[in-house]
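Protein chains: 4
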Amino acid sequence: MAGNSFGKIFKLTTFGESHGAAIGGIIDGCPAGLSLDFETINTEMQRRKPGQSSIVTQRKEEDKVKFLSGIFEGKTTGMPIGFVIENTDHKSQDYSHIKDVYRPSHADYTYDKKYGIRDYRGGGRSSARETACRVVAGAIAKQLLQNIKITAYVSSVGEMELKKNYSEINFSEIEKNPVRCPDAEMASKMEDYIKSIRKEGDTVGGTVTCVIQNVPIGLGEPVFDKLHAELGKAMLSINAVKGFEYGSGFAGTVMKGSEHNDIFNEDGSTKSNHSGGIQGGISNGEDIYFKVAFKPVATIMRKQETIDSKGNKAEAEGKGRHDPCVVPRAVPIVEAMAALVMADFYLLNKTSRL
Amino acid sequence: MAGNSFGKIFKLTTFGESHGAAIGGIIDGCPAGLSLDFETINTEMQRRKPGQSSIVTQRKEEDKVKFLSGIFEGKTTGMPIGFVIENTDHKSQDYSHIKDVYRPSHADYTYDKKYGIRDYRGGGRSSARETACRVVAGAIAKQLLQNIKITAYVSSVGEMELKKNYSEINFSEIEKNPVRCPDAEMASKMEDYIKSIRKEGDTVGGTVTCVIQNVPIGLGEPVFDKLHAELGKAMLSINAVKGFEYGSGFAGTVMKGSEHNDIFNEDGSTKSNHSGGIQGGISNGEDIYFKVAFKPVATIMRKQETIDSKGNKAEAEGKGRHDPCVVPRAVPIVEAMAALVMADFYLLNKTSRL
Amino acid sequence: MAGNSFGKIFKLTTFGESHGAAIGGIIDGCPAGLSLDFETINTEMQRRKPGQSSIVTQRKEEDKVKFLSGIFEGKTTGMPIGFVIENTDHKSQDYSHIKDVYRPSHADYTYDKKYGIRDYRGGGRSSARETACRVVAGAIAKQLLQNIKITAYVSSVGEMELKKNYSEINFSEIEKNPVRCPDAEMASKMEDYIKSIRKEGDTVGGTVTCVIQNVPIGLGEPVFDKLHAELGKAMLSINAVKGFEYGSGFAGTVMKGSEHNDIFNEDGSTKSNHSGGIQGGISNGEDIYFKVAFKPVATIMRKQETIDSKGNKAEAEGKGRHDPCVVPRAVPIVEAMAALVMADFYLLNKTSRL
Amino acid sequence: MAGNSFGKIFKLTTFGESHGAAIGGIIDGCPAGLSLDFETINTEMQRRKPGQSSIVTQRKEEDKVKFLSGIFEGKTTGMPIGFVIENTDHKSQDYSHIKDVYRPSHADYTYDKKYGIRDYRGGGRSSARETACRVVAGAIAKQLLQNIKITAYVSSVGEMELKKNYSEINFSEIEKNPVRCPDAEMASKMEDYIKSIRKEGDTVGGTVTCVIQNVPIGLGEPVFDKLHAELGKAMLSINAVKGFEYGSGFAGTVMKGSEHNDIFNEDGSTKSNHSGGIQGGISNGEDIYFKVAFKPVATIMRKQETIDSKGNKAEAEGKGRHDPCVVPRAVPIVEAMAALVMADFYLLNKTSRL
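As they're listed, the protein sequences go chains U, L, C and X. In terms of full-length UniProt numbering, the numbers along the first sequence are unbroken and rise by one, the last being 354. In terms of full-length UniProt numbering, the numbers along the second sequence are unbroken and rise by one, the last being 354. In terms of full-length UniProt numbering, the numbers along the third sequence are unbroken and rise by one, the last being 354. In terms of full-length UniProt numbering, the numbers along the fourth sequence are unbroken and rise by one, the last being 354.
By construction, these hints were calculated from the structure, which means they are not laboratory data. A portion of the hints provided could be inaccurate.
Identical copies go unnamed one by one, so any copy, or any two together, can satisfy a pair.
Below, simulated DSS-like cross-link-like pairs (lysine-lysine); rule was C-alpha separation at most 25 angstroms, straight line [stated by the list, open to error]:
hint	residue 1	residue 2
1	Lys60	Lys163
2	Lys149	Lys319
3	Lys163	Lys319
4	Lys350	Lys303
5	Lys199	Lys176
6	Lys319	Lys8
7	Lys164	Lys8
8	Lys60	Lys99
9	Lys163	Lys149
10	Lys271	Lys319
11	Lys256	Lys319
12	Lys199	Lys256
A quick note: this is a predicted structure, and the numbers were derived from the prediction, not measured.
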């Protein structure tokens, strides 16, 4: 109810603030008998963690996950999987300057008004640090899904946009550059741009595209819990996300039905895929693809006029180590959330027929 | 779990197929003591129903809601509100031609594969007829929310787009034309365009913009159940929706942080509102605004190549009375879903502090 | 949340007051492809309905269920099953005398204090009439469970107790007498006793025993959602229930571990069954059995001192047609609730292993 | 869904096995602004922990809870409260003898059949060690409830029963003896009896009575989530519980309505309290009282015939340090679960009226 759980059958609940002792979570409902590859989980964590390249924040978090339960001799037991990630780099002193100041476009003001109290250190619960827990759970969900392949990449940084359709892209290029844009030339331009933005003490937004392949037909539920509605919610729950579109998306609104309709082949596949792999809220076996919009990071290295908790004028200025552009590190988070949605519907679908 | 419920505290569960005896639902968790204005509920129903103007489907459904429980002497009692809407215009014979045919970009194929059985008459459960139940519940939610004002309107039809910001718009113009576009000139063009599209036997998509005003600060929950994430899910659960963006949305991705950040006034309001009234997933008191993308209606009045349930080639052709463009009738549905989200968070927020 | 839903996967939500237009419900999550036997559903309804024998209330309710959705050509479609039962015998005038009076040991006082408003006619939502909806859903759940056999019977009326263990009982005797006690002699005594109690204008309590046979191993979840915990909640949710015990129950508290432990046979079955078919919250394949305690009906045909809604002294006296003893009609309700619990865990168990 | 969560608004999710690295949990939905008294939480933990007296298990667990989030400067922030309790005394070697053996009346067999894998060390997840997490959450719930007073005590051990009504009891006597029976003489007899049972290598059951005082009117929900139904489920979810009754309970079944009905005083209180403080599922302001039946502990210090996982005959014999009677240590667990139920309904009730 209070917003810290995601999923119905495969359910993740997370806890933890940016600068508390630890963050962590519980994955409840993971089926028994899954052999976990801990190496892969760690790889996902490394993709998200700060300090991995020169264009992301230089904070140093080990982001080492410690599993406390639900796993026995390398396999899931069907019991809840509890885990913690210690906050090793929490320099609380860095944040005394924002104790009473509401940073523009952050959650400081709304948390204070809603709860009457907030842990101001590093943004507390509203910090994107929380997404590390999503990546842990997503990495397990991915292993549960086996053949289903979930791939995300950066499709734009500011106005620099990769115009290619996902089907023209070689996914193995994604991790070859720090931007995670699967086009070497564009990636290089984006990287330069992010660096120049950082020099200005500013930040910039971007988009992440995600593709889900080898999806079994029948995932998703009618009416309110349509597959794309849950994917949308999952993506919009990620910090800094402002929009979501799947299949033809906003561009589909200017098409005619005669152009937009996906004509069937005799095997049930479709000639085009404006539907984005989902019809009536349920997967049809075609590739699912969607795009997620991220706003520019709110913390900038410049002085901004603002107010304090008493309504007096104040100044805010980012200190320390922040991301000039969030999308490169958002890629594994988008994948993780997609995996959580798919795992949940995959399990739920086992109950849909006699 | 099976996707027919929406909301946590103020919870709507719906049932019913397009051509069964009736559709209906249960609203559970509506607080006791709310005096209901049935006239207003009926007005909302009339805004959604077929046959209201020359540019929408000419099907004739009375769409008269019958309340069966939870209301006593005009007030809610805190008990579940059961209601039914009879299907008076269900001409099942109209649909025998699609019994074994999968219509392109409809849910026929996915329902059949997922469930092994489907009520093919009029699309069964996947028909947008189900949204009438959402409008009933939304009309009650609106009354619960009192001062919060929820207004939606058509912001584009195909490539015809109302470029004005919502703040420049006179909302009282919305219902003055059948398109529900609050600009007489643009509305007239859109109307002509929809008529020409219909003549071609084709359909077209569009967008609906929604604005929520007088929102108390503090609605929404952190992390997974952010206010905009639930709004996004709510909108994406409406038939034919392909995308959702709030505040600066996709356009915000090309902005810099120094432009995008909303600077506070001393009273806690903000000078700009790229945040769309939500920061960290929680309402900040500014106007909430978002845009919803609708694809062109899949049923077109032209022959389309398709397959039947045995994988043989077949033909599909829309018969009867269908909407050439869904957005005018989608306006009250968007408002209804927004009201359900707001009512739910409004009630939940009562539990957030000691 | 507001207490009108039961179950997680196979989920029943009910609505309706005793004297409104109708009661009804929605069953969401029933798997597709189940051929329904409507005759059997009707039989269950007849077992619960008033007026079926001389020892129960002589109210006349047809209790005819009308299914509105989720069923196509006799089979479930996986869509929500909406249903209504009209209130044909609601004589509202009968209840004007209790409009402002709080009947002792009824819900009048607590509803008024909690909600500030109540539908006083016939007890409104707190009336046991609501259980008719449970019987509808339970009858479908029973059909879903196929081989699992759920049998309840009256094991005591007041101090008259059937001392036999369930294993000594011929279940086919249960429906042969109006008390539903499967021992002709004891049933006859109970019947006479109930009649004498009724003559006194009084009421009496009793117990119902329920046995669930042919249970697959593995139903139930660890920790909070133990199979017996959900069965207990289900039973305690029935009007007038004051206690629940399963397996050895309260009698087991005076036993020693060496007597109480159920020793395994080599096939995994157990020599004794003090565990009542459940170990660690999960079914072990042995018979599940439990007992449910019902208090005497609160409505008696005698004058009782009480208060009105203003705190003034008043008198309450049952009028019309009430049950002198609730247990005979409770038998099908106990079975229905047991079926709902079992169906829910049966479906959930499909997700417990890879 | 998988049974590791309890509560709707004030929600506890737990994880952890008896012999893993740690157990722990997340409390989600605790309102912001509650000043926590950590001393009191620790006191509750000490009441439950092993080794506290000569009549309970002599295992040594520190049971020191470490809070990781959701608390800032001593107050709850409205964010999820994550906590861990390390397993300091897990001697895994002690359990190799039960690796392949199914102990009678334990969960070994059912877990193995349901999940195909189990952590056999110390009973794994089915161990009562998990209840330490409930006590943590219950101690916080108690603080939230402020004036509501929850008191449990041992009312019987085997056939030794404290016949007094709770109203005749001096609650301050409860903690003065290791049995937690608030009658010095009876407590002494019970203690001797437990010691003699232990000498025999055997175990014995008992009952715990719980009283909830100063309850606001209006807690609980109609129909399925009646206050007593949730209390019943809460109690039945505790390891070794076989039965639950509230108010008049099973004894109420032999009463007549004219005796059982609770007559109102003019202030709305009642002259008698057979209803146990709950009418129609909702608290009426009178004391809530209920009794919980615990079976004898399954682990006995004697050889028992049993089978192994291959269906071969085997022997089981308790080793190490086990409770000869569970009820003294169950007292704080019963209170904790009662507190969780009350806190949940207390918060939910804030949404029941306009």
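For each hint, the structure was consulted:
1. In this assembly of identical chains, the alpha carbons of Lys60 and Lys163 never lie at most 25 angstroms apart, being 34 angstroms within a copy and 45 angstroms across copies at closest.
2. Proximity of Lys149 and Lys319 under a CA criterion of 25 angstroms is satisfied in neither setting, with 39 angstroms inside one chain copy and 40 angstroms between copies.
3. Neither within a single protomer nor between protomers do Lys163 and Lys319 lie at most 25 angstroms apart by alpha-carbon distance, with minima of 35 angstroms and 39 angstroms respectively.
4. For the identical chains of this complex, Lys350 and Lys303 are neighbours neither inside a copy (54 angstroms) nor across copies (37 angstroms), given an alpha-carbon limit of 25 angstroms.
5. In this homomeric assembly, Lys199 and Lys176 come within 25 angstroms of each other (Cα to Cα) only inside a single copy, at 24 angstroms, whereas the closest approach across copies is 52 angstroms.
6. In the homo-oligomer, the alpha carbons of Lys319 and Lys8 never lie at most 25 angstroms apart, since the shortest distance is 39 angstroms inside one protomer and 39 angstroms across protomers.
7. Taking CA atoms no more than 25 angstroms apart as the test, Lys164 paired with Lys8 passes in neither setting, with 35 angstroms inside one copy and 41 angstroms between copies.
8. For a Cα distance limit of 25 angstroms, the shortest separation of Lys60 from Lys99 inside one copy, 23 angstroms, qualifies, whereas the shortest one across copies, 43 angstroms, does not.
9. For the homomeric pair Lys163 and Lys149, the shortest alpha-carbon distance inside one copy (22 angstroms) is at most 25 angstroms, but the shortest distance between copies (40 angstroms) is not.
10. For the homomeric pair Lys271 and Lys319, the shortest alpha-carbon distance between copies (24 angstroms) is at most 25 angstroms, but the shortest distance inside one copy (52 angstroms) is not.
11. Taking CA atoms no more than 25 angstroms apart as the test, Lys256 paired with Lys319 passes between copies only; the shortest distance there is 18 angstroms, against 50 angstroms inside one copy.
12. Taking identical chains as interchangeable, the C-alpha atoms of Lys199 and Lys256 lie at most 25 angstroms apart only when they sit on different chains, with a minimum of 13 angstroms there against 45 angstroms within one chain.
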